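Chains as they are written, first to last, in this note's numbering: chain C, 1 to 242; chain D, 1 to 242; chain E, 1 to 242; chain A, 1 to 242.
Please note that a few of the clues may not be correct.
Said to hold, decoys possible - Covered by chain D, per the in silico footprint, the following chain A stretches (three or more residues, Cβ under 8 Å):
(1) 158–171
(2) 178–187
Unchecked claim - Some chain C residues close to chain A (C-beta under 8 Å, calculated; not the full set):
(3) 117
(4) 119
(5) 121
(6) 123
(7) 157
(8) 159
(9) 233
Keep in mind that the hints were calculated from the coordinates and are not lab data. All of these numbers come straight from a predicted model, not from anything done at the bench. By construction, the Cβ of each residue, glycine as well, lies at the ideal position given by its N, Cα and C atoms.
Protein chains: 4
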Amino acid sequence: MEPEVRVTVWNEGRHERQDPHIAAIYPGGLHAAIADGLREHGLASVRTATLDDPQQGLSASVLAETDVLTWWGHLAHDEVSDDVVGRVYQRVLDGMGLIVLHSAHYSRIFRRLMGTTCELKWREADEHERLWVVEPGHPIAAGLGETLVIEREEMYGERFDIPAPETLVFVSWFPGGEVFRSGCCYTRGRGKIFYFRPGHETYPTYFHAGVRRVIANAVRWAAPSGGPRPQFGNVQPLEALA
Amino acid sequence: MEPEVRVTVWNEGRHERQDPHIAAIYPGGLHAAIADGLREHGLASVRTATLDDPQQGLSASVLAETDVLTWWGHLAHDEVSDDVVGRVYQRVLDGMGLIVLHSAHYSRIFRRLMGTTCELKWREADEHERLWVVEPGHPIAAGLGETLVIEREEMYGERFDIPAPETLVFVSWFPGGEVFRSGCCYTRGRGKIFYFRPGHETYPTYFHAGVRRVIANAVRWAAPSGGPRPQFGNVQPLEALA
Amino acid sequence: MEPEVRVTVWNEGRHERQDPHIAAIYPGGLHAAIADGLREHGLASVRTATLDDPQQGLSASVLAETDVLTWWGHLAHDEVSDDVVGRVYQRVLDGMGLIVLHSAHYSRIFRRLMGTTCELKWREADEHERLWVVEPGHPIAAGLGETLVIEREEMYGERFDIPAPETLVFVSWFPGGEVFRSGCCYTRGRGKIFYFRPGHETYPTYFHAGVRRVIANAVRWAAPSGGPRPQFGNVQPLEALA
Amino acid sequence: MEPEVRVTVWNEGRHERQDPHIAAIYPGGLHAAIADGLREHGLASVRTATLDDPQQGLSASVLAETDVLTWWGHLAHDEVSDDVVGRVYQRVLDGMGLIVLHSAHYSRIFRRLMGTTCELKWREADEHERLWVVEPGHPIAAGLGETLVIEREEMYGERFDIPAPETLVFVSWFPGGEVFRSGCCYTRGRGKIFYFRPGHETYPTYFHAGVRRVIANAVRWAAPSGGPRPQFGNVQPLEALA
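Turn these sequences into a full structure, and let the hints guide you.
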């Protein structure tokens, strides 16, 4: 039996409360839609958390019980506390998976794990997006067709200031002439990280069947593998020295 | 429930018949020991095949029913027919996993998939081998300690003439002063490939608990993901051209 | 002083003789335009060779005097002899750079070095192409702007069946909705390989200032580095064995 | 003519002043030996800077005139100011090369650029080190043999908690049974980074001919390439939107 993956869907949760148009699209918040998508794909252990929850929703005990964390943020990256960023960082290095969604490219946690600015070009113009699978053998592409179209989305364009992904799964095309590396895999410590581009708050992207499938695939891919926990520091020789 | 992975363990199978010393170590052939190791780790659908079977054990129908193929060869790489190499090659590109063991670094199929000579340094001197996990977050390292020691093995040393692995999971240390990239992941087409160094025919390596675990992990990692099968050739535009 | 890089520009050279329209665009053949572009960028030692030259233009002595080979082919991949493919292959593994241009994605030498089919989607529809620099720190991007536009080109679209490039320098956008990994770096043996997408024979692409700069940059990047030539085979221990 | 690469050799510079034994090995400080090694290899524009210089030796103007910075630190990583770390970080993202030496694996700047802890195993036991070239085609291996032996060094062992290097050039062997990824290439923004393991302060490593050659090669490899400086933020479409 597949081991249960315990997922925490974290959402900043401000747009939905400040803007009735967005609240109408995501009545339960973006987190509810993301969590529903995961449940739809058979992930049974899914909880949600938001910035305005106690301890910003990510206490040590919540993180200790989280195998994979998905992260959506936009307006309030700087309000995420040092403590929360530090805790999430340590958990990723220790093996927790992290799925970084859309505008969370600019979150403190993603920038810290990448070591770069994670800046990009952007435009809000109701363009459609075509995501192309460039690595069809990767588990995150399971069950997809060769291309995935989202009717309306914000545009993100290259140069995306990230380290070259270990695996590049998707590349996006936009009508305005831009391309974007929109599905990027990384390892940091024992943790796996996947950045996935789509998901602007003004569009119903997290109800899109293909997007939901990708995020569910990514969660399963990023689940901890159970490899060794390295010991660091001063060590004795394993072989007799001359 | 975990989908069943159908494994075929292929073995050249000549050493065991030509050399009583080797037959004593591997009474059922290397393939039997490798297959037993997989079953021990819960892989229920494992069959074996050898070079001297009809169609060299790898008919189109066998391959069609194989999700992951493990390959051991040494003396008779050149006897593997063009047909078999071609069929395995096509199946890998179409998504079948391939686990390349020890001296199979020099098999026709591995060299074809790598595009390089796959040459290396070697020595038979009853040395022990220490494999270090350098990527502890990778699924192939699941359940291992930081290092894995094999009491006696053949030495393989760098330079190993392969393309840089997409993921380097293990690096080996040998007493004679050499190192070796001994666990190497690749993607070719929709197929995943893992090269794993240990397994000289004169040692009981395929009874080693850690080695068995690695091979079982690798089989699960290399199982087909079910991503899209790309269409190639002339295509119509997806967008209206001006 | 920069060491002189000895370049051989190889061209199939058939289109130009069979089609007056193409001959009008490339009166000296595609090779002449490519070679002129390299000279324009200060590469002084540039010779050309074509399929219909003696020994298909690539005798052992020509290759021995070549630091970087650029390759254009389309109609007659299968006419390139086993000898020539074998000689070029050995020279690449021994350190010669190889720049693979446009339809040479399907050349025997590129497919052999990649280990995959190198297939792709294509369309001839007078589309323009936008190449985006996704790795602005790479030497092949020297002197370029962020994007490079070619007024009319053949379209190539993903999935491009190659191993993931070691470095992805360019991604192309096409009006019909496709993207393409159009600048891809590889190492095979001691040799460096760069695949560069543009260059359909019916367009004056090899007179394009940006395209010329990229190819010149790639030639300099791919020049042999002078690293060690590995010894393979049976070796004595470097350390005293117990 | 090769463009002049302006190098700044930065050294913490404390060991040499606190410990007469180390001062005897490096009378001018580690920086003097490193700088001499670069000059020996034809790099004419080399200056040195240390932690106890004004502005910790790395004012904005020094950095503005630096193409490649080499960094050695050990005792006083935490004394490097936020300003200096921030300035070096920005310069690397803007294209300055960074060569990170030995114990600087644990410097603030390297950890920030990597996004990981950069921890490792270590031991001071007068062991010798064998560095193996695993990527002989890389420019940093120019002029070397297949292996490079340092008579006495500190041991560093895996797991080294870094992101997988974009290119792994060297792997080290130690008598005590450890291996280490000792030559690691990265890109961050437009900047190239090379981590090179050897160089413990109690040994004359920076007088070693091979070590000097590697560092000089790395400086040339890491020099800025002159690629495009990306524009980030809100952009207008390049193509007419429907």
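Violating hint indices (sorted, rising)
none
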